[in-house]
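Protein chains in written order, with our numbering: chain Z, 1 to 111; chain X, 112 to 224.
In case anyone wonders, no lab produced these hints; they're calculated from the structure. Ideal Cβ positions, reconstructed from N, Cα and C, are used throughout, including at glycine. Certain hints may be false.
Claimed, not checked - Straight-line Cα separation of at most 30 angstroms, DSS-like style, residue types lysine-lysine; simulated pairs:
1) K71(Z) - K98(Z)
2) K98(Z) - K168(X)
3) K56(Z) - K71(Z)
4) K54(Z) - K96(Z)
5) K96(Z) - K56(Z)
6) K71(Z) - K168(X)
7) K96(Z) - K68(Z)
8) K168(X) - K68(Z)
9) K68(Z) - K5(Z)
10) K71(Z) - K5(Z)
11) K54(Z) - K5(Z)
12) K96(Z) - K168(X)
13) K54(Z) - K98(Z)
14) K68(Z) - K54(Z)
15) K168(X) - K5(Z)
To be verified - Now the stretches of chain X that chain Z is said to cover, found in silico as 3 or more residues with beta-carbon under 8 angstroms:
16) 129-140
17) 143-154
18) 179-192
19) 216-222
To be verified - The following label-pair restraints were derived from C-beta to C-beta distances:
20) P40(Z) - R174(X): 24 to 30 angstroms
21) V78(Z) - G169(X): 43 to 49 angstroms
22) S51(Z) - T131(X): 35 to 41 angstroms
23) T222(X) - I53(Z): 41 to 47 angstroms
24) V78(Z) - T164(X): 40 to 46 angstroms
25) T222(X) - S95(Z): 34 to 40 angstroms
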Amino acid sequence: DQQVKQNSPSLSVQEGRISILNCDYTNSMFDYFLWYKKYPAEGPTFLISISSIKDKNEDGRFTVFLNKSAKHLSLHIVPSQPGDSAVYFCAASASKGKLTFGTGTRLTIIP
Amino acid sequence: KAGVTQTPRYLIKTRGQQVTLSCSPISGHRSVSWYQQTPGQGLQFLFEYFSETQRNKGNFPGRFSGRQFSNSRSEMNVSTLELGDSALYLCASSLALHTGELFFGEGSRLTVL
Numbered sequence: 001d002q003q004v005k006q007n008s009p010s011l012s013v014q015e016g017r018i019s020i021l022n023c024d025y026t027n028s029m030f031d032y033f034l035w036y037k038k039y040p041a042e043g044p045t046f047l048i049s050i051s052s053i054k055d056k057n058e059d060g061r062f063t064v065f066l067n068k069s070a071k072h073l074s075l076h077i078v079p080s081q082p083g084d085s086a087v088y089f090c091a092a093s094a095s096k097g098k099l100t101f102g103t104g105t106r107l108t109i110i111p
Numbered sequence: 112k113a114g115v116t117q118t119p120r121y122l123i124k125t126r127g128q129q130v131t132l133s134c135s136p137i138s139g140h141r142s143v144s145w146y147q148q149t150p151g152q153g154l155q156f157l158f159e160y161f162s163e164t165q166r167n168k169g170n171f172p173g174r175f176s177g178r179q180f181s182n183s184r185s186e187m188n189v190s191t192l193e194l195g196d197s198a199l200y201l202c203a204s205s206l207a208l209h210t211g212e213l214f215f216g217e218g219s220r221l222t223v224l
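Let the sequences and hints guide you as you build the complete structure.
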């Protein structure tokens with residue numbers, strides 16, 4: 001049972017445009033959400049997080065939006081840069097416990 | 112500050128063999144988690160250790176086991192390897208339990224022939 005779902009395995013975006021990555025979850029106990037970025041042959045690196053008491057968190061070019069009623073979160077990257085090409089994983093936890101990851105979305109930024 | 116170190120980075124085994132993977136967490140981090148990454152499955156949680164005790168376990172068969180030492184270093188073992196065990200095994204550390212953010216190593220890529 002996939003509790004965290006990333007329904008788009010891949011996404012291509014023109015450089016300079018906005019990249020929007022989506023993630024849905026089913027477990028209503030999840031209250032802490034994170035996005036990780038992974039380059040080939042490297043481990044995932046933490047990008048940004050959001051607690052369920054907020055609906056938006058921003059860090060530079062990266063913004064995460066949380067819609068609790070829809071059990072949906074999204075990561076916006078503006079403007080997209082070639083170095084953003086990577087696999088992005090959404091993760092969720094209850095009370096900052098064990099992280100449950102989605103299957104990832106491969107983002108390709110086209111120069 | 113050194114990151115999470117995993118050894119070996121790559122290894123090839125045959126079915127039926129066993130393998131041990133090692134993880135050294137970031138200095139000062141006391142919690143270590145292990146994940147399996149396979150294409151299309153994302154990162155699947157294996158187990159989590161804190162203070163030499165397994166605190167959480169994922170839905171993997173008993174062939175998968177692990178331990179943590181007093182210096183917080185961790186090992187995981189897979190016995191009686193199957194073809195489906197071929198994957199990238201990722202170790203992550205955090206300061207303590209329930210801190211949210213995990214810091215990952217580069218992984219150990221296991222190929223089972």
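Results for each hint:
1. K71(Z) - K98(Z): holds (18 angstroms)
2. K98(Z) - K168(X): holds (9 angstroms)
3. K56(Z) - K71(Z): holds (14 angstroms)
4. K54(Z) - K96(Z): holds (15 angstroms)
5. K96(Z) - K56(Z): The hint holds at about 18 angstroms.
6. K71(Z) - K168(X): This hinted pair holds, its Cα atoms lying about 25 angstroms apart.
7. K96(Z) - K68(Z): With a Cα-Cα distance of about 17 angstroms, the restraint between K96(Z) and K68(Z) holds, given a limit of 30 angstroms.
8. K168(X) - K68(Z): holds (27 angstroms)
9. K68(Z) - K5(Z): holds (15 angstroms)
10. K71(Z) - K5(Z): holds (11 angstroms)
11. K54(Z) - K5(Z): At roughly 21 angstroms apart (the allowed maximum being 30 angstroms), K5(Z) and K54(Z) satisfy the hint.
12. K96(Z) - K168(X): Holds, at roughly 16 angstroms.
13. K54(Z) - K98(Z): OK: K54(Z) and K98(Z) at ~20 angstroms, within 30 angstroms.
14. K68(Z) - K54(Z): holds (9 angstroms)
15. K168(X) - K5(Z): Status holds; Cα separation ~21 angstroms.
16. 129-140: Since 0 is below three, the answer is violated.
17. 143-154: holds (count 6)
18. 179-192: violated (count 0)
19. 216-222: Contact hint for the region 216-222 of chain X vs chain Z: holds, 3 residues under 8 angstroms.
20. P40(Z) - R174(X): 24 to 30 angstroms: Since P40(Z) and R174(X) have Cβ atoms about 28 angstroms apart, the given range 24 to 30 angstroms holds.
21. V78(Z) - G169(X): 43 to 49 angstroms: Violated, since V78(Z) and G169(X) (Cβ atoms, about 35 angstroms apart) do not stay within the stated range.
22. S51(Z) - T131(X): 35 to 41 angstroms: 37 angstroms Cβ-Cβ, so the 35 to 41 angstroms window holds.
23. T222(X) - I53(Z): 41 to 47 angstroms: Since T222(X) and I53(Z) have Cβ atoms about 44 angstroms apart, the given range 41 to 47 angstroms holds.
24. V78(Z) - T164(X): 40 to 46 angstroms: The hint (40 to 46 angstroms, Cβ to Cβ) holds, given that V78(Z) and T164(X) are roughly 44 angstroms apart.
25. T222(X) - S95(Z): 34 to 40 angstroms: holds (37 angstroms)
Checked against the numbered hints above, the structure breaks hints 16, 18, 21 and satisfies the rest.
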